[in-house]
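Participant: Please take these sequences and the hints and turn them into a complete structure.
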Amino acid sequence: MTPTRSLVIEKELPHAPEKVWRALTQGPLVKEWLMDNDFQPVVGHRFKFRSTPVPNWNGIIDSEVLVVEPNKKLSYSWGSFGLESVVVWTLTATEGGTLVRMEHSGFRSDQDAAYKGANYGWRKFIGNLERVVAGLQ
Amino acid sequence: MQTVPDALFKSLADPTRRALFERLSREGEQTVRMLTDNSGVSQPAVSKHLGVLKHVGLVRARHTGRQTHYRAHPRALAPLVDWMSYYSRFWHDRFDRLEDFLKRMDQ
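Each protein sequence line maps, in turn, to chains V and S. Going by our numbering, the letters in the first sequence line up with residues 1 to 137, in that order. Going by our numbering, the letters in the second sequence line up with residues 1 to 107, in that order.
Some hints could be false.
Simulated restraints on C-beta separations [said to hold, decoys possible]: (1) S:THR64 <-> V:ASN58: 38 to 48 Å; (2) S:PHE101 <-> V:THR92: 39 to 49 Å; (3) S:MET34 <-> V:THR92: 46 to 56 Å; (4) S:ARG26 <-> V:PRO53: 32 to 42 Å; (5) V:GLY44 <-> S:TYR86: 41 to 51 Å; (6) S:ARG97 <-> V:ASN58: 45 to 55 Å; (7) S:GLU29 <-> V:ALA93: 17 to 27 Å; (8) V:VAL8 <-> S:ARG71: 55 to 65 Å; (9) S:GLY40 <-> V:THR52: 36 to 46 Å; (10) V:ARG22 <-> S:GLY40: 46 to 56 Å; (11) S:GLY40 <-> V:SER77: 26 to 36 Å; (12) S:ARG71 <-> V:PRO28: 46 to 56 Å; (13) S:ARG94 <-> V:ALA93: 33 to 43 Å; (14) V:THR92 <-> S:GLY40: 35 to 45 Å.
Derived from the structure by calculation, the hints contain no laboratory data. We put the beta carbon where it would ideally sit given N, CA and C, even for glycine.
Facilitator: What follows is the structure, encoded as structure tokens:
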């Protein structure tokens with residue numbers, strides 16, 4: 001069992017930010033490389049990513065658009081299995097194209113944390129998980 | 001993805017339960033009363049949360065007299081670790097596909 005420290009992928013691609021933005025925000029284009037969807041680049045828009053159902057999973061990701069900053073930043077929630085996480089795309093123009101950064105983490109902190117009055121978010125939990133798992137080995 | 005047990009994730013989707021599990025992992029075995037003191041959560045609520053964690057195997061209970069002692073069973077987290085590994089592979093694959101797709105958009 002090797003836990004993944006962070007789900008961050010960053011790469012410079014030889015394409016203009018405007019073009020990468022289209023691939024990230026136009027539903028039919030997103031389908032080409034990610035999943036079928038009813039995405040709209042509008043904050044607050046709720047949508048679904050749909051992939052092939054498998055046993056014990058209907059293949060659906062429930063999402064909501066959180067941030068839309070054209071050609072710069074796109075974020076949506078990513079809900080499946082009762083876990084709501086967040087995907088953030090950040091585009092930075094470079095001389096040769098665009099630095100594309102994808103982060104799937106920052107598990108949304110919970111508003112209803114009652115225990116010990118703590119705002120006990122997933123981020124902290126996931127961080128601690130690694131230590132817990134390391135202790136098993 | 002198909003092996004991910006929904007119940008485990010749902011049990012940990014609650015912040016109070018995550019905090020309880022973390023505390024047991026960090027501090028070792030404790031009674032319901034110890035877990036309730038200064039927690040801001042009622043004892044019945046703590047008991048109920050512990051019941052959910054026990055159901056999915058994240059905690060184990062030991063009875064002595066009228067006391068129930070709970071301890072963490074972190075091995076039950078394995079599917080969650082698998083889930084994170086799954087998404088790492090998933091996004092690397094999709095990122096490659098995005099890169100390929102951007103090349104095709106030129107044509």
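Participant: A separate judgement is required for each hint: does it hold in the structure or not?
Facilitator: Going down the list of hints, with the structure as the test:
no.: 1; hint: S:THR64 <-> V:ASN58: 38 to 48 Å; verdict: holds, 44 Å
no.: 2; hint: S:PHE101 <-> V:THR92: 39 to 49 Å; verdict: violated, 20 Å
no.: 3; hint: S:MET34 <-> V:THR92: 46 to 56 Å; verdict: holds, 50 Å
no.: 4; hint: S:ARG26 <-> V:PRO53: 32 to 42 Å; verdict: holds, 39 Å
no.: 5; hint: V:GLY44 <-> S:TYR86: 41 to 51 Å; verdict: violated, 29 Å
no.: 6; hint: S:ARG97 <-> V:ASN58: 45 to 55 Å; verdict: violated, 22 Å
no.: 7; hint: S:GLU29 <-> V:ALA93: 17 to 27 Å; verdict: violated, 55 Å
no.: 8; hint: V:VAL8 <-> S:ARG71: 55 to 65 Å; verdict: violated, 34 Å
no.: 9; hint: S:GLY40 <-> V:THR52: 36 to 46 Å; verdict: holds, 44 Å
no.: 10; hint: V:ARG22 <-> S:GLY40: 46 to 56 Å; verdict: holds, 49 Å
no.: 11; hint: S:GLY40 <-> V:SER77: 26 to 36 Å; verdict: holds, 28 Å
no.: 12; hint: S:ARG71 <-> V:PRO28: 46 to 56 Å; verdict: holds, 52 Å
no.: 13; hint: S:ARG94 <-> V:ALA93: 33 to 43 Å; verdict: violated, 22 Å
no.: 14; hint: V:THR92 <-> S:GLY40: 35 to 45 Å; verdict: holds, 43 Å
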